[in-house]
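Residue numbers (the numbering used here), protein chains in the order written: chain Z, 1 to 214; chain S, 1 to 214.
The hints are simulated quantities; they were obtained by calculation from the structure and are not laboratory data. Backbone N, C-alpha and C define an ideal beta-carbon position, used for all residues, glycine too. Please note that a few of the clues may not be correct.
Said to hold, decoys possible - Per the computed footprint, the stretches of chain Z lying under chain S, defined by three or more beta-carbons under 8 Å from a beta-carbon of chain S, are:
no. : region
1   : 36-43
2   : 132-145
3   : 187-199
Number of protein chains: 2
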Amino acid sequence: MSKEAKIPNPTIKRLAVYSRPLEILLETGPPVISSQKLAGLCGVNPAQVRKDLAYFGEFGIRGVGYDIRDLLHAIKGILATDRKWSLCIVGMGHLGSSLVQSENFKKRGYIVKAAFDSDARKTGKKLSCGLTIQAASSISEAVQALDIEIGLITTPPHEAQRVAHLLQEGGVGAILNFTTIQIRTRKKCIIENADLSVKFENLVYHLEQLDKKG
Amino acid sequence: MSKEAKIPNPTIKRLAVYSRPLEILLETGPPVISSQKLAGLCGVNPAQVRKDLAYFGEFGIRGVGYDIRDLLHAIKGILATDRKWSLCIVGMGHLGSSLVQSENFKKRGYIVKAAFDSDARKTGKKLSCGLTIQAASSISEAVQALDIEIGLITTPPHEAQRVAHLLQEGGVGAILNFTTIQIRTRKKCIIENADLSVKFENLVYHLEQLDKKG
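Go ahead and model the full structure; you've got the sequences and the hints to work with.
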């Protein structure tokens, strides 16, 4: 396992990307794939694929390719996506509600165990997934009781910092922050930002540059 | 404008991040902010803030700080977020439906002009935002007629490549791809991936590493 700890972050991100077409091929395709083919499906170059996969041992057979089932199994082991993770979502607006219902999450082993909102008109409401929306004030207690590992924040920006604090008090190890606010943490906790509007602004900047050129 | 073209990509991404607290402060805070304070709110170091902002001229007054209104205006000009952009969304599942209804998008000038789905049970349905879901087969025509600049793909993965092709035929300049599939394009078109599951896998990998360390 000591070897795995040295895998660089860009490789980890690409492993997740590699696993996508492999999942589809596992159900429909041939049992083996070449680094060339996998690279093409993922939009990276074949040498990069071979280099990334070499980090965790010998998988490919020269001139034949990778066994899809073995490779996917290994990647999922590395990424720790071969186990279930328990989540909660705070903020039952449009985005939060859509994430609660995501079949894709469940399929990937991310189990939403609780949903919270600070709006008293929403708390107590039963969601189609079976969960009942709980008051934001009960976050710490519920997170601890349900042993929730990851918290998603889809609240209005001004609530995000307070919610992050409650999630950490309850003991989550990671927070995925969908708001436009940068969250500060005191304890050891992984924060990942998933603010869509930053992605948008990057996109339109480049679009504008293209328009100027031609 | 030639100077702007040289702004590096990481700076562009940080400009979007800087604009968030500035927007909030513009409504509630003092008229001026120091690079120290702005850096703290954004989780970057003050030298980085000063360096990034220096790319587009002299804004700060030494010992005083930046005029919040001027700075925000300049950032929005650079990022091209001071104008409206027209979008369409293809795939009216949970995520697509939540994005169509996003008040946050509209507030930022991203106007959703059309919504599509390939499911005949969904087409013709009127959404609460006033749009009617159109058949995916009419994407090219509608995109061209409505002069849509950006396409969001929230379909099942196996439909994404075909949809991307139709969007490009209609003339979009950029695609934001929420599916797990890498999209290939023939024409000049900006593709940005917003696959949440890659973000998740990165998060749980690091969480697992932390757990191992104890």
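Verification of the supplied hints:
| no. | hint | in the structure |
| --- | --- | --- |
| 1 | 36-43 | holds (count 3) |
| 2 | 132-145 | violated (count 0) |
| 3 | 187-199 | holds (count 9) |
Consistency with the previously given hints fails for number 2 only.
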